[in-house]
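Q: Chains Z and A supply the protein sequences, listed in that same order. When you line the first sequence up against my numbering, it's residues 57 to 259, in that order. When you line the second sequence up against my numbering, it's residues 57 to 259, in that order.
Be aware that one or more of the hints could be misleading.
The list treats identical chains as interchangeable, and a pair is accepted whether it falls inside one copy or across any two copies.
[Stated by the list, open to error] Only pairs whose alpha carbons sit at most 25 Å apart, straight line, appear in this in silico SDA-like list of lysine to any residue:
no. : residue 1 : residue 2
1   : Lys67     : Met252
2   : Lys85     : Leu254
3   : Lys210    : Ala96
4   : Lys62     : Leu141
5   : Lys118    : Arg238
6   : Lys210    : Asp241
7   : Lys62     : Gly207
8   : Lys97     : Pro175
These aren't lab readings, by the way, just hints derived from the structure by calculation.
The residues making up each chain are set out below.
Protein chains: 2
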Amino acid sequence: MAAEPKYQRRKEDRPREIADAAFETFAEKGYAAARIDDVAKRAGVSKGLTYLYYKTKEDLFKAVVRNVVVRRVDALLDDVESTELSSEEFIRGPLLTFMRRVPRSPIAIVIRLLISEGPRHPDLVDYYYENVVARGLDAIERFVERGVRRGEFKPEARDIQPQLFLAPMMLSMIWRLVFTERPLDTDRLMQTQVDMLLAQLKA
Amino acid sequence: MAAEPKYQRRKEDRPREIADAAFETFAEKGYAAARIDDVAKRAGVSKGLTYLYYKTKEDLFKAVVRNVVVRRVDALLDDVESTELSSEEFIRGPLLTFMRRVPRSPIAIVIRLLISEGPRHPDLVDYYYENVVARGLDAIERFVERGVRRGEFKPEARDIQPQLFLAPMMLSMIWRLVFTERPLDTDRLMQTQVDMLLAQLKA
DNA sequence: ATACTTACTGACCTGTCAGTCAGTAAGTTG
DNA sequence: CAACTTACTGACTGACAGGTCAGTAAGTAT
Numbered sequence: 057m058a059a060e061p062k063y064q065r066r067k068e069d070r071p072r073e074i075a076d077a078a079f080e081t082f083a084e085k086g087y088a089a090a091r092i093d094d095v096a097k098r099a100g101v102s103k104g105l106t107y108l109y110y111k112t113k114e115d116l117f118k119a120v121v122r123n124v125v126v127r128r129v130d131a132l133l134d135d136v137e138s139t140e141l142s143s144e145e146f147i148r149g150p151l152l153t154f155m156r157r158v159p160r161s162p163i164a165i166v167i168r169l170l171i172s173e174g175p176r177h178p179d180l181v182d183y184y185y186e187n188v189v190a191r192g193l194d195a196i197e198r199f200v201e202r203g204v205r206r207g208e209f210k211p212e213a214r215d216i217q218p219q220l221f222l223a224p225m226m227l228s229m230i231w232r233l234v235f236t237e238r239p240l241d242t243d244r245l246m247q248t249q250v251d252m253l254l255a256q257l258k259a
Numbered sequence: 057m058a059a060e061p062k063y064q065r066r067k068e069d070r071p072r073e074i075a076d077a078a079f080e081t082f083a084e085k086g087y088a089a090a091r092i093d094d095v096a097k098r099a100g101v102s103k104g105l106t107y108l109y110y111k112t113k114e115d116l117f118k119a120v121v122r123n124v125v126v127r128r129v130d131a132l133l134d135d136v137e138s139t140e141l142s143s144e145e146f147i148r149g150p151l152l153t154f155m156r157r158v159p160r161s162p163i164a165i166v167i168r169l170l171i172s173e174g175p176r177h178p179d180l181v182d183y184y185y186e187n188v189v190a191r192g193l194d195a196i197e198r199f200v201e202r203g204v205r206r207g208e209f210k211p212e213a214r215d216i217q218p219q220l221f222l223a224p225m226m227l228s229m230i231w232r233l234v235f236t237e238r239p240l241d242t243d244r245l246m247q248t249q250v251d252m253l254l255a256q257l258k259a
């Protein structure tokens with residue numbers, strides 16, 4: 057009976073496994089109420105190992121946010137940008153789909169964490185702003201600019217704040233986070249916003 | 057030298073004083089990181105006294121939210137409703153002002169607390185929904201309805217979701233909470249939204 | 001004054017949890 | 001197989017903070 061090993065040594069995979077477990081734990085309990093013991097148990101690992109890869113709970117938290125962010129946002133933005141549709145088709149298609157997805161995605165969880173813990177982690181907020189918000193806003197602005205150059209949008213379209221596209225998405229996100237089971241037709245919300253914006257933008 | 061008293065007994069005022077101090081402390085640190093000792097010190101009171109008026113930290117938290125909510129919302133909604141302006145004037149005037157104020161008001165702080173602590177206090181979330189959100193949405197719906205009956209808005213206006221009015225306000229709130237010092241022209245944001253909505257609503 | 005009630009204090013108790021580290025065993029090298 | 005490296009474990013510690021309560025003194029009644 058070759059006593060099966062108590063654990064495997066997997067130096068490579070541990071950090072990500074621990075970070076994933078931490079993400080789930082933070083998502084459920086929030087930062088303060090999440091125990092490192094829980095994270096470790098979830099990752100199928102001892103508490104001590106967590107501290108081998110992440111010096112402190114705060115480090116782990118930052119790693120989690122960065123991790124989720126880079127893994128998701130790049131993909132999302134990339135496939136939204138590479139398209140040859142007309143501006144209106146693009147807005148009604150890929151962009152709308154993107155906006156619908158975000159409130160249910162892990163990004164929403166990260167936002168919640170940033171809202172509650174942000175003030176005590178200003179560098180994280182900066183990181184998030186530069187890697188998500190700024191890039192997203194920029195993408196929208198470049199898209200509008202392209203529409204204007206193509207003659208699909210009128211020149212005044214340039215004055216529209218990109219945040220106007222995201223406002224209903226934001227509301228939907230918060231709504232879902234807080235009033236989980238209260239109904240809200242978020243699709244219609246974003247649909248209408250897009251209709252209104254197109255009415256303003258189109259040449 | 058009539059040794060001045062160490063404290064005064066003020067049974068009536070203590071609860072509110074403590075709740076106010078708690079609100080400030082929660083606002084600064086969040087629920088978990090706020091210490092009852094801090095709250096007590098801020099209220100100029102001993103830790104023990106806090107526990108005379110509020111059985112637990114959680115009780116205190118709930119009292120704080122309810123307290124802030126009832127004290128603010130009634131006033132806000134009331135003076136928005138009692139007006140004899142035309143629908144458009146009303147939207148461009150009092151409603152816009154209201155929307156501009158909220159993100160800087162204590163309501164924003166309460167929202168932050170609800171976002172982070174909501175999941176563990178479902179009754180608080182219900183309370184907040186019924187006393188703030190539902191009433192606000194309802195007010196908007198009744199307002200639109202009135203506009204339609206007066207012939208100022210077209211009948212399809214009834215299909216507009218009231219949340220569309222609030223979306224940019226929501227975004228402004230979150231923006232301020234997270235990216236405190238990053239600029240965002242929130243006034244213009246809401247102004248444009250109102251313009252777009254009126255374009256859709258007007259007969 | 002004196003006796004009495006109770007708002008209020010603050011030292012203490014206790015459970016919890018981030019962080020440590022001596023020890024163990026998985027895997028590797030010769 | 002033995003000697004060695006190091007990924008990994010889990011019992012332990014120290015600090016912190018929620019909650020308690022015996023004692024104190026402010027105010028009141030007689």
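Q: When no copy is specified for Lys67 and Met252, does a C-alpha distance of 25 Å or less occur within a copy, between copies, both, or neither?
A: So Lys67 and Met252 fail the 25 Å test inside a copy (53 Å) and across (55 Å) alike.
Q: Using 25 Å as the alpha-carbon threshold, which applies to Lys62 and Leu141: within, between, both, or neither?
A: Intra 55 Å, inter 76 Å, cutoff 25 Å: neither.
Q: How would you label the pair Lys62, Gly207 (within, between, both, or neither) given a Cα cut-off of 25 Å?
A: So Lys62 and Gly207 fail the 25 Å test inside a copy (66 Å) and across (77 Å) alike.
Q: Could you place Lys85 and Leu254 in one of the four classes (within, between, both, neither) given a Cα distance threshold of 25 Å?
A: Answer is neither: 40 Å inside a copy and 42 Å across each miss the 25 Å cutoff.
Q: For the identical chains here, do Lys118 and Arg238 meet the 25 Å Cα criterion within one copy, between copies, both, or neither?
A: between (32 Å within a copy, 21 Å between copies)
Q: Since the copies are identical, ignore which copy is meant and state whether Lys210 and Asp241 lie within 25 Å (CA to CA) inside a copy, between copies, both or neither.
A: So Lys210 and Asp241 pass the 25 Å test across copies only (22 Å; inside, 31 Å).
Q: Since the copies are identical, ignore which copy is meant and state whether Lys97 and Pro175 lie within 25 Å (CA to CA) inside a copy, between copies, both or neither.
A: between (29 Å within a copy, 23 Å between copies)
Q: Since the copies are identical, ignore which copy is meant and state whether Lys210 and Ala96 lie within 25 Å (CA to CA) inside a copy, between copies, both or neither.
A: Neither. Shortest intra-copy (55 Å) and inter-copy (59 Å) distances fail the 25 Å Cα cut-off.
Hints 1, 2, 3, 4, 7 from the earlier list are contradicted by this structure; the remaining hints agree with it.
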